[in-house]
Structures are given as C-alpha cells and as structure tokens.
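Trainee: Each chain, written out:
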Amino acid sequence: MLGLNSRDFKLFVIVVILTLAAPMLLNPFPTESAIGQSFNAGYPALMQRFVIFGILAIGFNILFGLTGYLSFGHAAFLGVGSYAAVWMFKLLSYNVLPAILLSVIVAGLFSVVIGYVSLRRSGIYFSILTLAFAQMSYQLAYSVFTPITNGETGLQVYNDDPQILMSAGDPTVPHLFGLRMNGATEWNIGGWTFIFENGYYLCAILLIASFYLSIRIFRSPFGMMLRAIKSNQTRMSYTGLNIKPYMLAAFVISGMYAGLAGGLLAAMDPLTGAERMFWTASGEIVVMAILGGVGTLIGPVLGAGLIKYLENIVSKINDTILHNWFAFMPDWLDNLLVTIIHPFIGKGWHLTLGLLFMAVVIFLPGGLVQGGQKIGALLRRKKSKDTGETATKPAE
Amino acid sequence: MDAFLLQILNGLDKGAAYALIALGLTLIFGTLGVVNFAHGALFMIGAFCAVTLQRFLGYSFVTVDETQTDFLGNPLKVNTPYVEAWFGPETGAAIQDWSVPLAILLVIPVMFFIGYVMERGLIKHFYKRPHADQILVTFGLAIVIGELIKSIYGANPIQTPAPQMFIGTLDFGVMLGFDPGAVAYPMWRLVYFFFSLIIIGAVFAFLQFTTFGMVVRAGMADRETVGLLGIDIDKRFTLMFGMAAAVAGLAGVMYTPILSPHYNIGMDFLVLSFVVVVVGGMGSLPGAVLAGFMLGILQSFASMNEVKALIPGIDQIIIYLVAIIILLTRPRGLMGRKGVMEE
Chain W
162 MLGLNSRDFK LFVIVVILTL AAPMLLNPFP TESAIGQSFN AGYPALMQRF
212 VIFGILAIGF NILFGLTGYL SFGHAAFLGV GSYAAVWMFK LLSYNVLPAI
262 LLSVIVAGLF SVVIGYVSLR RSGIYFSILT LAFAQMSYQL AYSVFTPITN
312 GETGLQVYND DPQILMSAGD PTVPHLFGLR MNGATEWNIG GWTFIFENGY
362 YLCAILLIAS FYLSIRIFRS PFGMMLRAIK SNQTRMSYTG LNIKPYMLAA
412 FVISGMYAGL AGGLLAAMDP LTGAERMFWT ASGEIVVMAI LGGVGTLIGP
462 VLGAGLIKYL ENIVSKINDT ILHNWFAFMP DWLDNLLVTI IHPFIGKGWH
512 LTLGLLFMAV VIFLPGGLVQ GGQKIGALLR RKKSKDTGET ATKPAE
Chain E
661 MDAFLLQILN GLDKGAAYAL IALGLTLIFG TLGVVNFAHG ALFMIGAFCA
711 VTLQRFLGYS FVTVDETQTD FLGNPLKVNT PYVEAWFGPE TGAAIQDWSV
761 PLAILLVIPV MFFIGYVMER GLIKHFYKRP HADQILVTFG LAIVIGELIK
811 SIYGANPIQT PAPQMFIGTL DFGVMLGFDP GAVAYPMWRL VYFFFSLIII
861 GAVFAFLQFT TFGMVVRAGM ADRETVGLLG IDIDKRFTLM FGMAAAVAGL
911 AGVMYTPILS PHYNIGMDFL VLSFVVVVVG GMGSLPGAVL AGFMLGILQS
961 FASMNEVKAL IPGIDQIIIY LVAIIILLTR PRGLMGRKGV MEE
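Protein sequence lines correspond, in order, to chains W and E.
Add 161 to a position in the first sequence, counting from 1, and you land on the number used in the working numbering.
Add 660 to a position in the second sequence, counting from 1, and you land on the number used in the working numbering.
The hints are simulated quantities; they were obtained by calculation from the structure and are not laboratory data.
Built from N, CA and C at the ideal position, the CB exists for glycine as well.
The reader is advised that the hints may include incorrect statements.
[To be verified] Derived CB-CB ranges, DEER-like:
no., chain 1, residue 1, chain 2, residue 2, range
1, E, R997, W, V278, 23 to 33 Å
2, E, P790, W, V174, 29 to 39 Å
3, W, V273, E, S963, 29 to 39 Å
4, W, I501, E, V777, 16 to 26 Å
5, W, G532, E, T885, 33 to 43 Å
6, E, Q819, W, A206, 35 to 45 Å
7, W, G532, E, R997, 52 to 62 Å
8, E, T751, W, E313, 10 to 20 Å
9, W, F383, E, P790, 53 to 63 Å
10, E, L736, W, S476, 42 to 52 Å
11, E, S963, W, F170, 51 to 61 Å
12, E, L732, W, P491, 41 to 51 Å
13, E, I818, W, F383, 50 to 60 Å
14, E, D662, W, P406, 46 to 56 Å
The shape of chain W in the complex, shown without the other chains (with noise of 0.2 Å):
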C-alpha cells in the first residue's frame, strides 16, 4: 500500500493513528484530578512540541542514521527556519503557507552552503566543522546580524511592519488561509477535556508526511548507497562511486527537515531568537535521536516525544508533590526520599535528561527501539519454550 511494504504499512498507519488520536490518547486521566494535573500530556502547547521535534529528529536520523555523519550543528537550521518564517510574517501576512514554505527553502540553502563545507571531512572533523558554523550563526545572530534577527529582544511581528498582504478582516494570530492556528474544538466527556487544536493538526499532517517520506527514503536506492557510504566508504569509492553528491543530498535533506521544525514552531508561535541555534539546542537533538534509537524509523520520533514529555512533567515536579505521593510513609522515609530526588526534578531536570542519556549509549546503543527488540526477543523465546516443552511431552 503507497508504495510501502506491509510491515512498514503496518508502522505507518500506527504512526498515523497515535498522532491524529494523540488529543485523547495523552489525556488518560480525568483532567481535573491530581493524576491528571501532572501527567496528562494532551495539551496543545505540549503536543506541537511533541510533534515538531519529531519532524526534527526524522531530519537528523536521515543523516545520522543512515550515513553515520554526527552533525553538532543541527539547530542552526532550525533557528534560520524560525526567522525565515517571522520575517514572513513581517513581510507578507500571518498565513503560515508561505513562512513554511520559505523556511524550508532558506534551511535547505543554508544547508547546502555548510554542508558543501563541512562534508570535505568526516569523523569527528565533520562534527566540529558542523558545530563551529552553527556556533558561528549564533555569535553573528547576536552580533552584525541584528538588523535581520533583532538580537537578544527576539524577532517578532510589529504592528508597523508592512505586512503587504494583511486585508482588514485577516487575524492577527498565524492562520492558514483564515483559519486560526490556536483556534480549537474542546470536548467533553465526563471528567476529560479533549483539546484539539487546529495547529497541532497542521504539524501533525506533516509530521505524517515527513514520516511517510522518510519510509521512502529509507527504502530507495538512495538510502541503499547512503547506509553502504556509512559500512564502507572507502570501497564505495574504488567501485567508481563519487559519494559527495550522496551525502550533500543526505545533509540538505536533512537541513530542510530542520527548517521545516523551525518554520513550524514560528508559526505556532511567532517569535524567534538566535537561542535556538546554541549548540545545547543542537546537541538536544543528537540526544533525542540516540535515547530513541538511531537508524530506526520509528526511533528519533518516541525519542523527541519522550524527552518533550519528560522535560514538562519532570520540570513541573517539586517537593510538594512529592511529600504528597509519599504521605502514606513515616515522616523520615518521606523527607529522606524528597531529599534524596529533590535534585533531579523541578529545575535539575537536565541531570536526569544526562544520566538518561548516558545509560542509553553505555548499555543500549541502539535505543529505546533496541530495548524493546531484546524484550520482545526475550518473551519470545520464552513463549517458545513454554511451548517447545509441551512439544516434547508426549514423547516421553
């Protein structure tokens, strides 16, 4: 089915249902209990981040994944999508169309620029080249660059900016084609409010197309010759191949994905600054791809949502709620307990983020994904001796 075989159809039509179902799946508790209150995901702020990271990190896997490339500068496009979407915003009108589709084509030449550069290397020079130009657009973000990207305040819209294709009765919120992004349908069923918002359908859509596109990609030739460069590259070249137009392919690709991230978080909320292109930003994407399993399909998308849900749920945690979960214990066990997590949750979340991320690459380097492979293998070959016993039974 589209051009999918039926396993990948199977985990296509799965990736579609939880992202279109994703309003109601992440809202498993009531939404005014206090379960609820700290774990429920299903609001759209969350949810669009969910998702555009998503976008990201399929971006960044087509890279790393499969050509073994490990690009430190991935935000840098990212930030440059973001501002090409603003100043769209600024220029044209608050339609989303356009500033997405700008974003796409201004991270895609960018990209080409940088990787044409950086792509001359491999190994760990490719990963220092790539950091030192995306630390480089942010230096000059701040510095010469502030006519364009306004500095420290942030690029945002004006109400004297000329916005040409603004007509009276146009909102002034992102919209596509008059309809609002933060516009939403509320429902309610018994204690549970289900939200679903026009702009996380719109990054959902595309969430599902990059899915889609990232499918292809990793069964087409061109993914063949890209995940051949990464076992050997060397051999690759005595047969005659010039890999270079493979990997700028590979690097741009992965740039525009980037860049339509950026667009799309412009456009759920038009406002920019050059502190998405610092290299935690992009080192945050290497971390999401590798928690959820690199070179996977499904990977670096349960790994951007893991780490966006942890970093909300964990950061809300404090030691209130904690005294709360544990009342049931004697007074000392639950000040002991609050002491000894009180460093990890609230504002040290990145500690956790940290200590996550180092188990995954010491003891599963494959991933979350990985993980869940070995379990699977584990309870199968249970299953299949629980019944391969049985089996040999009535021999006896």
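Fit chain E to the supplied structure of chain W, relying on the hints for placement.
Mentor: Relative to chain W, chain E alone:
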C-alpha cells in the same frame, strides 16, 4: 605600537587557558585515542575547587563582644572564621586572601583522582566503540557534571578574588618606554600566563626527561609494540588521563579571578578548546600549545575597534573561521603528524 603590544598581552591569558585545556585534550587523544567532550567539565570542576576552598576557609563562628555595641545598642556579634581563631588573625586573614593559589594544592589530588576514576569507570569501556559513541557518552557526562555543579552551587557566577597583592594593574608600558597608562595590564593575568608556562613546561619536561614519560611517548607512537615488550601500557595511560584532568583543573582553578565560575563555564571553554586542538593538530602537544596562544592572540586582535570597524562581527567568529580554513586546507592541523585522523 603600544596598542599592538596591549592586544598581544590581552590575548596571552586567554590563550594560556586554551592552551592548557587543549594540552589535556590532546594528551588524552594521543594516548588513549579518546575524544573527550567532558574535558571542559574537568576545567569547571577545577574552578569550583577554588570556590569550595574559599567557602571552607570562610566558615566562622559567632562570639558576642561585650565591649562594643552595634547601632541598636546591643552587644556586638563578631563573626570569626575558624582559620583566624586557629592561626591567629593575621595569618588567618592571609590564608583566606590566598585561597585561590592555595586551591592548587587541593585541585591536583582531587582532579587526578577524578580523572583516574573516570577512565577506569567509564572511558575504558569505550575504546573499542566508534568515535561518535565516545563523543556522545562524554557529552552526556559533561551535562551531568554541569548540572550537579548547578544543583550544589546554584546557577549564578561566584566571585573568587585573587590575593590582594595581585589586584590592580601593572603598567607594563613604562618599562619599555611608552607613556604611562598606555600598556596597563592586570596583574593576575600576568600571573596566570607565567603559571601556565610553568605547567606546560612541566608537562613537556615530564614526558621528555623521565622514564615514565619516555614509555608513554613510545606508547603513543606504537602501543602494541610497547605492550609486547612487557610494559603495562594501559596503566600508564590511565595515569596520563589523571594527569590531563589535573592540568585542566589547574587551568580552571587559576582562571577563577579572571572569570567568575558558573556551571556553564565548562561548555563555553570546551567548544573553543576543541577548535584549538583541531587547529593545532589532533594528537600533537606542541601544536595544541601553539594554536592555543595563537587563537587567543588572534581573538584579542579581532576585538580591536579598528578591526571591528573594518569587518563587523569578526571578533565573535574569528576562531571558528580560522578552524574552518585550517580544516579545509590542512586537515591534519598546524603540527599534526601525517596520517593521524586526517580523514
């Protein structure tokens, strides 16, 4: 001419810090073949050793002085640091004043230990894994160390002043016949520069003139053969990792009066030090030192107003620009050996 000299001087202290960190990075890469993204974090731990010692020396107890009264007419409460009580007021105050240089004594064993544990506990398991994995796990470690420091010491920079003696500037220009005040240079930066020269000299002397250093150099050149000769090269490399960590810590501890330490300082320096290593040549110790000073001085030249007027923004990006040019034209770096990580 005096402006020229001033810029060179200004570049020296920053260049010295780059050179020290890059020296450690190169030492680790040259011996163990590991790309250590947590080296900036080691620099930061060193800086926070100074903070810890300063706080430790500042611990005080309260006594009530009946002879004096405060502005409300109550007996005055006097805070006396324990060191002053133990060593007498003058010696105690001097010890507190000299807390940053004294932290050197603390930082060497602490950093050596941290480096040793890090190599045995974590890095050891990554020798056979690809460079990308090494980068990732040490990057994770850097995040963890940074966040731990943040949760212990808070997110704000902490002031750690230099000893009273070295506060103020040295009018360097007068000695060379310039006008007074033309080439004034902060005293502590000069101290830092000479300190770094001593450390660099010590590292090179250690590698060049001791048997231990000779074995390590032999191991860097051909690890397998040295192992076949019956020398436990792994053990020596572990010690070298500890030494590299100690060098990073020393660089950090003495840098605190120049830049108040905060939890992100490691990351800030790491990116630049990596660039320095790459420019100098992966695995080349003299290259790292040369590139460190060169980039430090280049950076301070680029921040001159005349240069900035000519090419706006150049001060921010000069280092990266140099790195890109070097990588594209001479990938092994200024003094890198042929064939080492040249791909």
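Trainee: Taking the hints in turn, state whether each one holds.
Mentor: Now for the hints, and whether the structure bears them out:
Here the CB-CB span from R997 of chain E to V278 of chain W is close to 24 Å, well matched to the stated 23 to 33 Å. A hinted range of 29 to 39 Å for the beta carbons of P790 of chain E and V174 of chain W is consistent with their spacing of about 35 Å. Separated by about 31 Å at the C-beta atoms, V273 of chain W and S963 of chain E satisfy the suggested range of 29 to 39 Å. The given range of 16 to 26 Å is respected by I501 of chain W and V777 of chain E, whose C-beta atoms sit roughly 22 Å from each other.
Taking the beta carbon of each, G532 of chain W and T885 of chain E are about 41 Å apart, inside 33 to 43 Å as hinted. Take Q819 of chain E and A206 of chain W: their Cβ atoms lie about 39 Å apart, and the range 35 to 45 Å holds. Distance hint for G532 of chain W and R997 of chain E: a CB-CB separation of about 41 Å, inconsistent with the stated range 52 to 62 Å. Between T751 of chain E and E313 of chain W the Cβ separation comes to about 47 Å, which falls outside the hinted range of 10 to 20 Å.
A hinted range of 53 to 63 Å for the beta carbons of F383 of chain W and P790 of chain E is inconsistent with their spacing of about 24 Å. Range check, L736 of chain E to S476 of chain W: about 45 Å between beta-carbon atoms, so the 42 to 52 Å window is met. For the hinted restraint 51 to 61 Å between S963 of chain E and F170 of chain W, the CB-CB distance of approximately 58 Å keeps it satisfied. For L732 of chain E paired with P491 of chain W, a C-beta distance near 44 Å keeps the hint of 41 to 51 Å intact.
One distance hint, 50 to 60 Å for the beta-carbon pair I818 of chain E and F383 of chain W, holds here, with the actual separation near 53 Å. At roughly 54 Å, the beta carbons of D662 of chain E and P406 of chain W sit within the given window of 46 to 56 Å.
In summary, the numbered hints that this structure violates are 7, 8, 9.
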